[in-house]
Amino acid sequence: MFKLTVYDRETITPLRSLMTNIGSVVAALFVISIVFLLCGVNPVYAIGKIFAGSFGSMYGFKETVTKAIPLILTGAGLTLAFRAKFWNIGAEGQILMGALMGTWVGLTWGSVLPSFLLIPLMFVAGFLGGALLGLIPAILKIKFSINEVISTLMLNYICAELITMLIVGPWKGNTRFGFPGTNNLSEAALLSVIPGSRIHYGTLMLAIVAVVILSIIVYRTRFGYEVRVIGENSEAGKYAGIDFFRTTLVIMVISGGLAGIAGIGELAGIHHYLGYPASISSGYGFTAIIVAWLAKLNPMYVLVSALFFAGILVGGDAIQISLGLPGATVQIVNGILLVFLIMGDYFLKHRVVVGFSNREHLTK
Amino acid sequence: MRKIETLEMVNISKSFQGKFANQGINLKINSGEILGLLGENGAGKTTLMNILYGLYQPDSGEIKINGKNVRITSPIDSIQQGIGMVHQHFMLIQNHSVIENIALGYYKTPFFFPKIRIHEKVVEFSRKFSFAIEPYKKVWQLSAGEQQRVEIIKALLNGADLLILDEPTSVLTPQEIKELFRILNDMKNEGHMIILISHKLDEIMDICDRVTVLQKGKIAGHADTAGMDKKSLARMMIGRDVLFNVNREPLPKGEQVLKVSNLHVLGDKGISAVKDVSFDVFANEIFGIAGVAGNGQKELAEAITGIRPVRSGTVFAGLKNITNMSPRKIYDHGVSHVPEERIKFGIAPGLFLYDNAILKQHHLKKFSRKMFLEYGRIKNHTRDLVDSYNVAAHSIEVQIRNLSGGNIQKLILGREISEKPSLLVASHPTYGLDVGATEYLREQLLKRRREGGAVLLFSEDLDEIFELCDRIAVMFQGEFTGILDSSDSEKLSDIGLMMAGSVRY
Ligand SMILES: Nc1ncnc2c1ncn2[C@@H]1O[C@H](COP(=O)(O)OP(=O)(O)OP(=O)(O)O)[C@@H](O)[C@H]1O
Ligand SMILES: [Mg+2]
Chain A
1 MFKLTVYDRE TITPLRSLMT NIGSVVAALF VISIVFLLCG VNPVYAIGKI
51 FAGSFGSMYG FKETVTKAIP LILTGAGLTL AFRAKFWNIG AEGQILMGAL
101 MGTWVGLTWG SVLPSFLLIP LMFVAGFLGG ALLGLIPAIL KIKFSINEVI
151 STLMLNYICA ELITMLIVGP WKGNTRFGFP GTNNLSEAAL LSVIPGSRIH
201 YGTLMLAIVA VVILSIIVYR TRFGYEVRVI GENSEAGKYA GIDFFRTTLV
251 IMVISGGLAG IAGIGELAGI HHYLGYPASI SSGYGFTAII VAWLAKLNPM
301 YVLVSALFFA GILVGGDAIQ ISLGLPGATV QIVNGILLVF LIMGDYFLKH
351 RVVVGFSNRE HLTK
Chain B
1001 MRKIETLEMV NISKSFQGKF ANQGINLKIN SGEILGLLGE NGAGKTTLMN
1051 ILYGLYQPDS GEIKINGKNV RITSPIDSIQ QGIGMVHQHF MLIQNHSVIE
1101 NIALGYYKTP FFFPKIRIHE KVVEFSRKFS FAIEPYKKVW QLSAGEQQRV
1151 EIIKALLNGA DLLILDEPTS VLTPQEIKEL FRILNDMKNE GHMIILISHK
1201 LDEIMDICDR VTVLQKGKIA GHADTAGMDK KSLARMMIGR DVLFNVNREP
1251 LPKGEQVLKV SNLHVLGDKG ISAVKDVSFD VFANEIFGIA GVAGNGQKEL
1301 AEAITGIRPV RSGTVFAGLK NITNMSPRKI YDHGVSHVPE ERIKFGIAPG
1351 LFLYDNAILK QHHLKKFSRK MFLEYGRIKN HTRDLVDSYN VAAHSIEVQI
1401 RNLSGGNIQK LILGREISEK PSLLVASHPT YGLDVGATEY LREQLLKRRR
1451 EGGAVLLFSE DLDEIFELCD RIAVMFQGEF TGILDSSDSE KLSDIGLMMA
1501 GSVRY
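Protein chains in written order, with our numbering: chain A, 1 to 364; chain B, 1001 to 1505.
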């Protein structure tokens, strides 16, 4: 019988790290090729299409940037939570909560406030919405030891149902021909876009600023230091006198708040009204988890990894249309990439040895 | 028939990030021998043994068993060659029983009914070496010495002829050390060979046949212990003479720094660990707490420093009631803490050296302005610490986990002492330090005393206690069996009985 044994790697060089990531992507593409083959599609053609559809054309690239916006905001926030080992799986709900709050502000004051007041107000409301939703699992965890994976995950469903309830009930618009959804927000509540694209540049700028500020917070401030210590060794954090309750609250305000801002971007930049939750955020909150991991929890790298995954989303849409593949194809591609990147990371940190146990000295 | 009659390491070199940890090392050991491996903190002892055990790959050099070259690329190889290693930090799963842990580390564990079959083996081995071990106890219920025995059985069961022990005694009580040495001697007489790493020269003299001394990654010499004494060993290690005795001049008693009254504290298992303890510590004083580990010392230290809640009773730092304050507030009231399990609690392993140099101090004005950390000052501070405490590190921008065990300790000690706390609570401060560092540390503690500070010193090492302390309390089952003046030699001669709870003053 053979046995696998795992050891920590003594040192990890940057070169090895880079090569591992490249290797993982190549291996993933290989498996993805098999999937395409099974679907009866030429894999080289399909993978080529994905990249052509996302980065290879001007139209595709604009779409990629558009989809990267919520991923950057949400992913950046998640790097902070994950760094402190607070497993926030609830970004999807936090995005929705942001959109919900924004809708409320937009519907309430849309016709009275001018744009330059209304839009900032919506962003603030969105931030607060996401932050408040993020606070709930933080409090539950620290005060009642309730596992945050469960609570954040469950809150996603609660938010989604809340929105569904609002759009078929009290907030249902009279211009929707009986379909669920609010009325369109007023002109003043809409974000302007780069002409010829859907890139709502205001949110994009906010996202980039958020990334820069987060980097400074993590690596330069006392709070960021405390987050890093807790994440490395929470016992040491306790010994160092770090206030876990306060720190966790701040982490979740930031993480949830940024997701909430992403929700405003989707609402006021793309959809212009609150519709079904799955259309407001088609899983950005979950994709952002991958984005944050791929960025090795470094906010700056989120810019790259968000763009990469946005590209896959857009490219996936492209092949879905041009090759007639089912809609789940993108998710499969996405999932395979994630699995391989995580595996790669494991092999980067560990050395796995295969050994045989039927040696003579053991049978004496 | 032994698988290993002789083992040689020939010209072994290993470097990390371009710096040598081992350079051209030659070492030989024969069956029936105990070899002591000595050297300053960071000399490369653990690295060398990790190479032999297959955890690290050498850059160059060979390992020969019975004169033949062998390739050891992983612990699986080394176990098959008959090499076993007991690491300083035990690698046992706390919530599993002894048997389960042994089964996990055993190569021939049968698929069906593993426990029953392994049980026989364990009983056989424990009888052979008269180990006291309870196979069905959970690991967390075991003392450090018992856990170590489990590690040794694990190695023996896999057929280890060569047993490597990395600083095995630092976590043991004196009785447990005696027991360990008896087992090692039995093994030696059976024809096993043993490599022992230790900083305690008495132990080395006591049990080793030969020593090999490393200095800054190179061999400084080999010697038979028969022709050596402690002094000459120390000289071989650090290239100068070491003072084994420090001078503690009498000082007038200062003002009260700590007052503990009727303290009750619970242990991890919810059982009362500290029972009605009262004492006070004054400036210009080192107050020692002696006793066998596990008698409530850890809980007492943690309760004073705010890590563990106080059940009842009060703790005053000066005039300030610090009972159940947060660790940070207590720190700000001048109470610093060197915890017992420092590698576990005292560092954030993946952060840089300079990040770790301010773990408890990062909120202080001098290291942070408003919300920002002042990395310039922090790095300067770290450089000062590294220089004065002689921390061997490639640079201050390495992850602290890459430092050798002793050097991590030095950084923590330096960090806690350098802020000149009015009270330093120090648990076993010299564990894992080489002789030179031990000497330096003791000087620093005495310096704090001279400068008007106070030290609350927890130690199992009676020599250390006698040498450093003005007053000594003895702790047994959560209670003080007496507080003695260090000049009271008559009562002090009963300290062993007090530690066992049979005499009280
Ligand atoms: N994984 C690693 N990466 C980088 N440097 C390392 C690594 N492991 C060890 N070193 C360096 O190698 C040197 C030797 O370390 P080693 O742990 O072998 O010392 P040691 O003799 O066991 O010391 P101690 O008595 O303190 O335990 C140290 O300077 C240490 O910083
Ligand atoms: Mg070591």
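Keep in mind the hints are simulated off the structure, nothing from the lab.
One should not assume that every hint holds.
[Claimed, not checked] When the alpha-carbon atoms are kept at most 25 Å apart in a straight line, the in silico SDA-like pairs for lysine to any residue are as follows:
#	chain 1	residue 1	chain 2	residue 2
1	B	K1379	A	Y346
2	A	K349	B	D1077
3	B	K1344	A	F82
4	A	K238	B	K1259
5	B	K1019	A	I142
6	B	K1019	A	L348
7	B	K1344	A	V209
8	B	K1019	A	R9
9	A	K238	B	Q1361
10	A	K349	B	K1379
11	B	K1275	B	E1249
12	A	K238	B	F1020
13	A	K349	B	H1333
14	B	K1019	A	S17
15	A	K85	B	H1333
16	A	K143	B	I1271
17	B	K1218	A	T11
18	A	K85	B	Q1361
19	A	K349	B	I1271
20	B	K1329	A	L348
21	A	K238	B	H1333
22	B	K1344	A	F223
23	A	K143	B	S1326
24	B	K1344	A	Y7
25	B	K1344	A	Y346
[Claimed, not checked] Over the 10 Å line for every Cβ pair with chain B, so calculated as not near, a few chain A residues:
#	residue
26	I22
27	M58
28	E161
29	T221
30	N233
31	I242
32	A278
Since this is a predicted model, take the numbers as computed values, not measurements.
Yeah, the Cβ is synthetic: ideal placement off N, Cα and C, and Gly gets one too.
Inset, instruction - Could you work out which earlier hints the structure fails to respect and list their numbers in ascending sequence? - result: 1, 5, 7, 10, 11, 12, 13, 15, 19, 20, 29, 30, 31
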